[in-house]
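Q: Chains as they are written, first to last, in our numbering: chain F, 1 to 478; chain R, 1001 to 1478.
Careful: at least some of the hints might be erroneous.
To be verified - Here are the simulated EDC-like cross-link-like pairs (lysine to aspartate or glutamate), alpha carbons at most 16 Å apart as the crow flies: (1) K1264(R) <-> E1346(R); (2) K1406(R) <-> E1347(R); (3) K1455(R) <-> E175(F); (4) K449(F) <-> D1081(R); (5) K1264(R) <-> E1338(R); (6) K1455(R) <-> D422(F); (7) K1056(R) <-> D1021(R); (8) K1406(R) <-> E1346(R); (9) K444(F) <-> E415(F); (10) K1352(R) <-> E1296(R); (11) K449(F) <-> D422(F); (12) K1425(R) <-> D1404(R); (13) K1033(R) <-> D1081(R); (14) K1376(R) <-> E1413(R); (15) K1444(R) <-> E1415(R); (16) K444(F) <-> E413(F); (17) K1376(R) <-> E1414(R); (18) K1449(R) <-> E175(F); (19) K455(F) <-> E1338(R); (20) K1307(R) <-> E173(F); (21) K455(F) <-> E1413(R); (22) K264(F) <-> E296(F); (23) K307(F) <-> E1296(R).
Unchecked claim - Taking beta-carbon pairs under 10 Å as the criterion, some of the chain R residues facing chain F (in silico): (24) A1016; (25) S1356; (26) D1404.
Since the hints were derived computationally from the structure, they do not count as laboratory data.
Quick caveat: nothing in here was measured; it's all calculated off a predicted structure.
Backbone N, C-alpha and C define an ideal beta-carbon position, used for all residues, glycine too.
Letter by letter, the chains look like this.
Number of protein chains: 2
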Amino acid sequence: MTAALLDSLRAIVGDAHVLTDGDLSAWEQDWRKRDRGRALAVVRPASTEQVAAVVKACAAAGVSIVPQGGNTGLVCGSTPDASGRQVVLSTKRMNAVRAIDPANLTITVEAGCILQSLQEIAEKDGFLFPLSLGAEGSCTIGGNLSTNAGGTQVVRYGNTRELCLGLEVVTAEGEVWSGLTGLRKDNTGYDLRDLFVGAEGTLGIITAATMKLYPMPAVQLTAWAAVPSMEHAVELLGLAHRTLGAGLTGFEVMGRFALSLVAKHFPQQRVPFVTAAAESADETPWCVLLENSDDESEEHARSRFEKLLEHAFEAGCVSDAVIAENLTQARALWHVRESITLAQVEEGLNIKHDISIPVSRIPEFVRVTDALLAEKIPGVRMVDFGHLGDGNLHYNVQAPAGGDAKAFLAAHEEEVNTLVFDSVKSFDGSISAEHGVGSLKQHKLPHYKSPVAMKLMRSIKGALDPQNVMNPGRVLEA
Amino acid sequence: MTAALLDSLRAIVGDAHVLTDGDLSAWEQDWRKRDRGRALAVVRPASTEQVAAVVKACAAAGVSIVPQGGNTGLVCGSTPDASGRQVVLSTKRMNAVRAIDPANLTITVEAGCILQSLQEIAEKDGFLFPLSLGAEGSCTIGGNLSTNAGGTQVVRYGNTRELCLGLEVVTAEGEVWSGLTGLRKDNTGYDLRDLFVGAEGTLGIITAATMKLYPMPAVQLTAWAAVPSMEHAVELLGLAHRTLGAGLTGFEVMGRFALSLVAKHFPQQRVPFVTAAAESADETPWCVLLENSDDESEEHARSRFEKLLEHAFEAGCVSDAVIAENLTQARALWHVRESITLAQVEEGLNIKHDISIPVSRIPEFVRVTDALLAEKIPGVRMVDFGHLGDGNLHYNVQAPAGGDAKAFLAAHEEEVNTLVFDSVKSFDGSISAEHGVGSLKQHKLPHYKSPVAMKLMRSIKGALDPQNVMNPGRVLEA
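This is chain F alone, in the form it adopts within the complex:
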């Protein structure tokens, strides 16, 4: 049976693209190295027709499929389980740009196209493709769509979902839905596109997409502000919306301790307003990184930024600020923000969260949840940072200083997660803002999502994938 399936798969994609031997860790091991599965085979189709044929062959053999893009996901959603009975379908060979339509402001690409390539192709033609995130050098647009990736530009351009106009999808039956329209308006029935976006490959396989492009802004300026409290950070966000309008393309918040870890572990980096000593009461408790994209000129952008910061000083919601003088300085500021994750790794094991809360309630959430954690698990250190413009915090918990972090995690990870998630729920938030569910949080969903929503989701899964062939056990429990 298995041999017959492998023969069929080889006939479809060619012998060289059905991998069963040797080191398959690149496909079997998740990016955060939390989970190592075992695949029956890794199959690498080169076309939509091949994807459809692979799905049909697997479905006929009762073998389930795990679609995979760049394998940079954070929730174990695209690596196989331990059974050795799942086929990993890698989209990476399907990376053609099918069309650029400048007058329609769209680009149509195959699922395996690397996000950074897509950004560069757009830029070469004078356009911005605004999706931007840490893994952009290796993640694929198919993976971004399947997980509805967020990143640092959401405050202006939305998540991947909002950037997508059309999809081509291979259904769980192995049929091809050709929905690659470049239309901005189409009210002819149910929104199939947005159902496949964010479904993490559990309803079908996205093989290509038509994405929005934007005219490249004339200039992007970056500022860094010290703010006295999270309340002030939220107030600054409101001021920035009113002053910069659609020019506000980035608004990141970073806690003092998170920044102190960067200063401590990467002393070559200059972290404004925060030192490696950390927790000194003289230092600002929070910093904000702002990005202002302008269609006119650097002079114009700078004057608007200065106006914003003047207002903010007067209103008392900023205590100090710098505007990057040039691109090098701007990149250095973003680099500090992006180095928090690596600094955490240097500091030792930690428990990561990716939560969202209505922006207005974030200050209260942080205060209440910090206090709860401090009370229940003395000594934990909060590494708080994230996309405040979207209400999205990476509310991470570092083991107490000096202790055995591994033992701490073994003893407390579940307790910390439950405490944080319960608090998120009480603030009407989401336990997965941008990373998705995968197999890491699928057992959590029923506790934190309404039973009606869960029932609707199961109905949809049952209707579109009755055989449970597509990425079973992800998003919904198997």
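Once you have looked at the hints, place chain R on chain F.
A: Quick look at chain R alone, frame taken from chain F:
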């Protein structure tokens, strides 16, 4: 059986809100007066709990439900069929504003809230709710969501779908899904929200929604430009995107004949660059109305508009232009645009279309389809106008001058529709850009949408409404 159901409904919503006698035309007659149905009853619940109880009672009695908001739809989607066996569920009593959250830039309202009220409530607090369309004085936000309404600001703010962050929905089983989050990021499973948005009440009833707000722009300026061809209009759109960026909040195109009808039937209106005589070769074949929203000042807005129009003159894509000097002039220009529909009524019967095409292909579509129509049905007059910024044309066909328009429609309406829709399909367009499907186009969909998409849609309908209680025969054939 019927009497028992009516008793149950009266017990749920009160006697006064179950209407069975007297003139029910306000609920039974569609807005365009194409179709008059007959309802078993019109039920007017006051709360989500009442909606849920009504759905349960109807489902138990095997009686189907037609949800209705302002009854301003254009595709006979919210009026009952002729059977006298359907219950119309009007959401109009549910019109409370549940919450405004300024720091989160959101407002939560019930489904029956009139769009214009919502705009005014937002404005009173200094915010813009950007959805804007002809029926805004009587349509409801629930109806806007159920039909994913478009309107005149889509080029910047998107359709109703893009303005919605969360929903409360009564399912076909009469359960309440409470999804009223104000979150901008939430990747915990399938996108239920966008499935109910645009489903025209066939999957459940939207009872409340959390919508995005924007800071009110400092100023909105309007310009009117004569353009030598549709190709030039598309070129002007590209220039406007590059020059104004997110400031471009409106971009409407209008054909000479469409404008001449306004000049002819409403001589008190001043129509720039076009006279009632029409079709004079001296007059511009197309005009474009542009709106520029600015976060700074009128002076700044005007200088950017002037810069854009200078470039456009130099590039030859504008032959003449005016910028409104004040709000009165701006409103007068918009009034001309909005008067085209009424001018068409004055001129006589016509065949309306609401199509979308990738922006880049619109000039060719118009040329090819105009020629086809002129060849097959000599004498037809094209009333062409629409939201070019979104690729959405109201490509309407007026009966030949002087003849019997009624006889013309009886003889040619189906032929004209087929010709236009076939052409739309060959240009990868949509036969319903913003009005939806209703019972007017549901029989057309299978000819113009892919069989795979139709199958997916039927699977979803079957899964979420297996009894076919919710608005049967709309979107999908019964």
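Q: Evaluate each hint against the coordinates.
A: Checked hints:
Using a Cα cut-off of 16 Å, the hinted pair K1264(R) and E1346(R) holds, with the two alpha carbons roughly 10 Å apart. Straight-line distance between C-alpha atoms of K1406(R) and E1347(R) comes to about 12 Å, which keeps the hinted pair within the 16 Å bound. Pair hint K1455(R) plus E175(F) holds up; C-alpha atoms about 10 Å apart against a cutoff of 16 Å. The suggested pairing of K449(F) with D1081(R) is violated, with an alpha-carbon distance near 37 Å, which exceeds 16 Å.
For the proposed pair K1264(R) and E1338(R), the alpha carbon gap of about 15 Å is at most 16 Å, so the pair holds. A C-alpha spacing of about 40 Å is found between K1455(R) and D422(F), which places the hinted pair above 16 Å, so the restraint is violated. Of the supplied pair hints, the one linking K1056(R) and D1021(R) is violated, its CA atoms being roughly 23 Å apart against a limit of 16 Å. In summary, the hint linking K1406(R) to E1346(R) is supported, as the alpha carbons are separated by about 14 Å, within the 16 Å threshold.
A threshold of 16 Å between alpha carbons decides the hint, and for K444(F) with E415(F) the separation of about 13 Å falls inside it, so the pair holds. A C-alpha spacing of about 40 Å is found between K1352(R) and E1296(R), which places the hinted pair above 16 Å, so the restraint is violated. A threshold of 16 Å between alpha carbons decides the hint, and for K449(F) with D422(F) the separation of about 11 Å falls inside it, so the pair holds. Distance check on the hinted pair: K1425(R) and D1404(R) sit about 30 Å apart at the alpha-carbon level, beyond 16 Å; violated.
Pair hint K1033(R) plus D1081(R) holds up; C-alpha atoms about 14 Å apart against a cutoff of 16 Å. The suggested pairing of K1376(R) with E1413(R) holds, with an alpha-carbon distance near 13 Å, which does not exceed 16 Å. Between K1444(R) and E1415(R) the alpha-carbon distance is near 13 Å, which keeps this suggested pair within the 16 Å criterion. Between the alpha carbons of K444(F) and E413(F) the distance comes to roughly 14 Å, so the proposed pair stays at or under 16 Å and holds.
In summary, the hint linking K1376(R) to E1414(R) is supported, as the alpha carbons are separated by about 13 Å, within the 16 Å threshold. Under the criterion of a C-alpha separation no larger than 16 Å, the hint pairing K1449(R) with E175(F) is consistent with the structure, at around 15 Å. For a cut-off of 16 Å, the pair hint linking K455(F) to E1338(R) is broken: about 44 Å separates their Cα positions. The straight-line distance between the Cα atoms of K1307(R) and E173(F) is roughly 54 Å, outside the 16 Å bound, and the hint therefore fails.
Between the alpha carbons of K455(F) and E1413(R) the distance comes to roughly 44 Å, so the proposed pair goes past 16 Å and is violated. Distance restraint check for K264(F) and E296(F): the Cα-Cα separation of roughly 39 Å exceeds the 16 Å cut-off, and the hinted pair is therefore not satisfied. A hinted pair counts as satisfied when its Cα atoms are at most 16 Å apart, and K307(F) with E1296(R) qualifies at roughly 11 Å. The interface hint given for A1016(R) is broken, as the beta carbon of that residue sits about 30 Å from the closest beta carbon of chain F, more than 10 Å.
Because the beta carbon of S1356(R) sits about 5 Å from the nearest beta carbon in chain F, less than 10 Å, this interface hint is met. With a cut of 10 Å, the hint placing D1404(R) at the interface with chain F is violated, because the nearest CB-to-CB distance is about 33 Å.
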